[in-house]
Amino acid sequence: MTLPVELAPDGPTAPPRSNGELVFAAPWESRTFGMAVALSAAGAFEWPEFQAALAARIKAWEHSGESAECWNYYRCWQQALEDVLAGHGLVTQDSVAERGAVLVERPKGHDHDHDHEHS
Amino acid sequence: MSDIVERLPIEVRTEALEQLLVERGLVDPAVMDKFISTYETDVGPLNGAKVVAHAWTDPDYKSRLLNDGTGAIAELGFKGPQGEHMVVLENTDTVHNVVVCTLCSCYPWPVLGLPPSWYKDPAYRSRVVREPRRVLAEMGLDLSEDVEVRVWDSSSEVRYLVLPQRPAGTEDLAEEDLVPLVTRDSMVGVARAGASAR
Numbered sequence: 001m002t003l004p005v006e007l008a009p010d011g012p013t014a015p016p017r018s019n020g021e022l023v024f025a026a027p028w029e030s031r032t033f034g035m036a037v038a039l040s041a042a043g044a045f046e047w048p049e050f051q052a053a054l055a056a057r058i059k060a061w062e063h064s065g066e067s068a069e070c071w072n073y074y075r076c077w078q079q080a081l082e083d084v085l086a087g088h089g090l091v092t093q094d095s096v097a098e099r100g101a102v103l104v105e106r107p108k109g110h111d112h113d114h115d116h117e118h119s
Numbered sequence: 001m002s003d004i005v006e007r008l009p010i011e012v013r014t015e016a017l018e019q020l021l022v023e024r025g026l027v028d029p030a031v032m033d034k035f036i037s038t039y040e041t042d043v044g045p046l047n048g049a050k051v052v053a054h055a056w057t058d059p060d061y062k063s064r065l066l067n068d069g070t071g072a073i074a075e076l077g078f079k080g081p082q083g084e085h086m087v088v089l090e091n092t093d094t095v096h097n098v099v100v101c102t103l104c105s106c107y108p109w110p111v112l113g114l115p116p117s118w119y120k121d122p123a124y125r126s127r128v129v130r131e132p133r134r135v136l137a138e139m140g141l142d143l144s145e146d147v148e149v150r151v152w153d154s155s156s157e158v159r160y161l162v163l164p165q166r167p168a169g170t171e172d173l174a175e176e177d178l179v180p181l182v183t184r185d186s187m188v189g190v191a192r193a194g195a196s197a198r
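Sequences listed follow chains P and S, in order. Numbering of the first sequence is given in this note's numbering, commencing with residue 1 and proceeding in unit increments. Numbering of the second sequence is given in this note's numbering, commencing with residue 1 and proceeding in unit increments.
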């Protein structure tokens, strides 16, 4: 059995091999993931503390009676991150709500981050 | 106020939180980007596949791996968060191991990357404990009745890696040619090595 060269597992064309699905389904999932990992690496909290908060949020979801279609792992992750940050007095839920309320008021097309005037 | 937070679209919540953290100097977006890209693209099941292929071809390494997973995996340079204490479980003709985390989807990031969606799914997490044989069959892995199925529940202390059986007919393959046969699913224990991708 010979394997084609492009299967070189270290090469730039390494095949995904059963890992072809996206790690993150949406950009916000990667942001909440990155926040938790970076905060822990910077010493804002210990990782096991975050894990315990995540386990608690997942358990709460499972007891909430929501349908399986509503399941989202990284939503629980975000909730757990907010829980830990609030517990450490770093960011309160109120401040997230206030900032979020400002963000939802943005006009459409806000993510067109251009300097020029639209005519 | 927390009700208001719960009602915000989730992507707005993450953006609001990130803005606040950056403004307060608690996270650096560039550091976040680096962690994200590392786990999204650089760290994947390939690391674990190298560990398995090395164990298949080097009996001494295999015995070290089964005795001290963390140390033997670190020999190949793989360590980091979520891989602090690794236990390696060997599949044989009579024992099949499968891994789950019923609490929070703990997963050995340094060797397998980030977990696939089905691993984080509540149905997998609860059902594989209750009826592992059936769940495995649904995932395409039929095990004969005389194979004992062992389910291992990860915790914040221990992460498991399954050492799948080397596929028959691969005796002549070199280590680097074995690596591509070792799928992520085979190292979680929901597939055989060399089996086609799900």
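Hints listed in this document are in silico derivations from the structure and should not be mistaken for laboratory results. Just so it is clear, CB atoms sit at the ideal spot from N, CA and C, and this is done for glycine as well. Some clues are possibly wrong.
[What the hints assert, rightly or not] One-sided excerpt, in silico: chain S residues whose CB lies under 8 angstroms from chain P:
| # | residue |
| --- | --- |
| 1 | L8 |
| 2 | E11 |
| 3 | R13 |
| 4 | A16 |
| 5 | L17 |
| 6 | Q19 |
| 7 | L26 |
| 8 | G71 |
| 9 | V95 |
| 10 | S105 |
| 11 | V129 |
| 12 | R133 |
| 13 | S156 |
| 14 | V158 |
[Said to hold, decoys possible] Listing some non-contacts, in silico: residues in chain P with all C-beta distances to chain S over 10 angstroms:
| # | residue |
| --- | --- |
| 15 | A55 |
| 16 | G65 |
| 17 | G87 |
[To be verified] Covered by chain P, per the in silico footprint, the following chain S stretches (three or more residues, Cβ under 8 angstroms):
| # | segment |
| --- | --- |
| 18 | 57-65 |
| 19 | 142-149 |
So, going through the hints one by one against the coordinates:
no., hint, result
1, L8, "holds, 4 angstroms"
2, E11, "holds, 4 angstroms"
3, R13, "holds, 6 angstroms"
4, A16, "holds, 4 angstroms"
5, L17, "holds, 5 angstroms"
6, Q19, "holds, 6 angstroms"
7, L26, "holds, 6 angstroms"
8, G71, "violated, 21 angstroms"
9, V95, "violated, 23 angstroms"
10, S105, "holds, 7 angstroms"
11, V129, "violated, 14 angstroms"
12, R133, "violated, 21 angstroms"
13, S156, "holds, 5 angstroms"
14, V158, "violated, 13 angstroms"
15, A55, "violated, 4 angstroms"
16, G65, "holds, 12 angstroms"
17, G87, "holds, 14 angstroms"
18, 57-65, "violated (count 0)"
19, 142-149, "violated (count 0)"
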